[in-house]
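S.K.: Based on the sequences and whatever the hints tell you, model everything.
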Amino acid sequence: MAYENNNQQERNNDSIFSKRLKAGKRRTYFFDVKTTRGNDYFLTITESKKRFNDNGYDRHKVFLYKEDFNKFLNALTETINYVKTELMPDFDFDAYNHDYSRDEEQDEVGFEATAASTEEATAPATSSDDVDKW
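Each residue of the sequence shown is one higher than the one before, counting from 274 in the numbering used here.
Keep in mind that the hints were calculated from the coordinates and are not lab data. Every residue, glycine too, gets a C-beta built ideally from N, C-alpha and C. Please note that the accuracy of each hint is not assured.
Ranges of calculated distance between the beta carbons of each label pair, as one might list FRET restraints [what the hints assert, rightly or not]:
id, residue 1, residue 2, range
1, R310, T358, 26 to 32 Å
2, D327, A348, 32 to 38 Å
3, F290, I353, 32 to 38 Å
4, G329, M361, 32 to 38 Å
5, N312, L360, 30 to 36 Å
6, A348, I289, 21 to 27 Å
7, N312, D363, 46 to 52 Å
M.R.: Structure follows, in structure tokens:
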């Protein structure tokens with residue numbers, strides 16, 4: 274999908290695609306595809322963690338560029354498979370394949386999701402969304 278926006282500053286801040294992954298009560302991961310000034314694409318992975326001592330959030334961001342996608346995916350897959358097969362072969366990783374309820378998702382305040390994340394979170398579930406829900 275091509276994305277065109279004449280305002281350079283606005284384009285650098287917009288996500289073309291966004292996916293939110295709720296991971297427990299205090300952690301959320303955001304996967305955002307963004308554009309460069311040269312109309313290229315890159316991925317940002319943001320971890321947002323609620324602080325214990327106040328109402329703030331700690332955020333950590335990784336920028337992943339297209340030339341590293343395959344290497345990153347291969348290394349991540351190899352690492353996860355090692356943990357699953359060598360370190361914890363008897364652990365039931367599928368027991369954690371559930372989403373949290375919408376009420377729990379709304380409890381997290383302080384991280385403004387992109388417009389795409391907001392639309393995704395409020396959009397009615399589609400058949401592909403239903404597959405991932407338990």
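S.K.: Can you list which hints this structure breaks, lowest number first?
M.R.: Hints 1, 3, 5 not satisfied by this model.
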